[in-house]
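Using the sequences and the hints given, assemble the complete structure.
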Amino acid sequence: ELNDTFSVAKQTSALKAKMEVQLERDISLVSHKTAQNVSILLSKILSAHSIQWLC
1 ELNDTFSVAK
11 QTSALKAKME
21 VQLERDISLV
31 SHKTAQNVSI
41 LLSKILSAHS
51 IQWLC
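Numbered per UniProt numbering, the sequence shown spans residues 1 to 55.
In short, the hints are calculated from the structure, not lab data.
All residues carry an ideal CB built from backbone N, CA and C; glycine is no exception.
Any given hint could be a false lead.
Stated by the list, open to error - Pair by pair, the computed Cβ-Cβ distance ranges are:
(1) Lys10 to His49: 54 to 64 Å
(2) Arg25 to Leu2: 32 to 42 Å
(3) Leu46 to Arg25: 24 to 34 Å
(4) Val38 to Leu15: 33 to 43 Å
(5) Asn37 to Gln11: 35 to 45 Å
So, in structure tokens, the structure goes:
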């Protein structure tokens, strides 16, 4: 009985650790994509401004 409880606890903590790792990956992926999008957006804004300055 005690052994079963222990193995369930081990599985639960392993699952929790897996989920946390997955979550961290997802967050870093999202923030990386956001950073890329922001830099693309900034370069578009800057190029639009420089075109206006040239005109």
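Going down the list of hints, with the structure as the test:
Separated by about 58 Å at the C-beta atoms, lysine 10 and histidine 49 satisfy the suggested range of 54 to 64 Å. The supplied range of 32 to 42 Å is met by arginine 25 and leucine 2, whose beta-carbon atoms lie about 35 Å from each other. The hint said 24 to 34 Å for the Cβ distance between leucine 46 and arginine 25, and at roughly 31 Å that hint holds. Checked against the hint of 33 to 43 Å, the C-beta distance between valine 38 and leucine 15 comes to roughly 34 Å, which is consistent with it.
Between asparagine 37 and glutamine 11 the Cβ separation comes to about 38 Å, which falls inside the hinted range of 35 to 45 Å.
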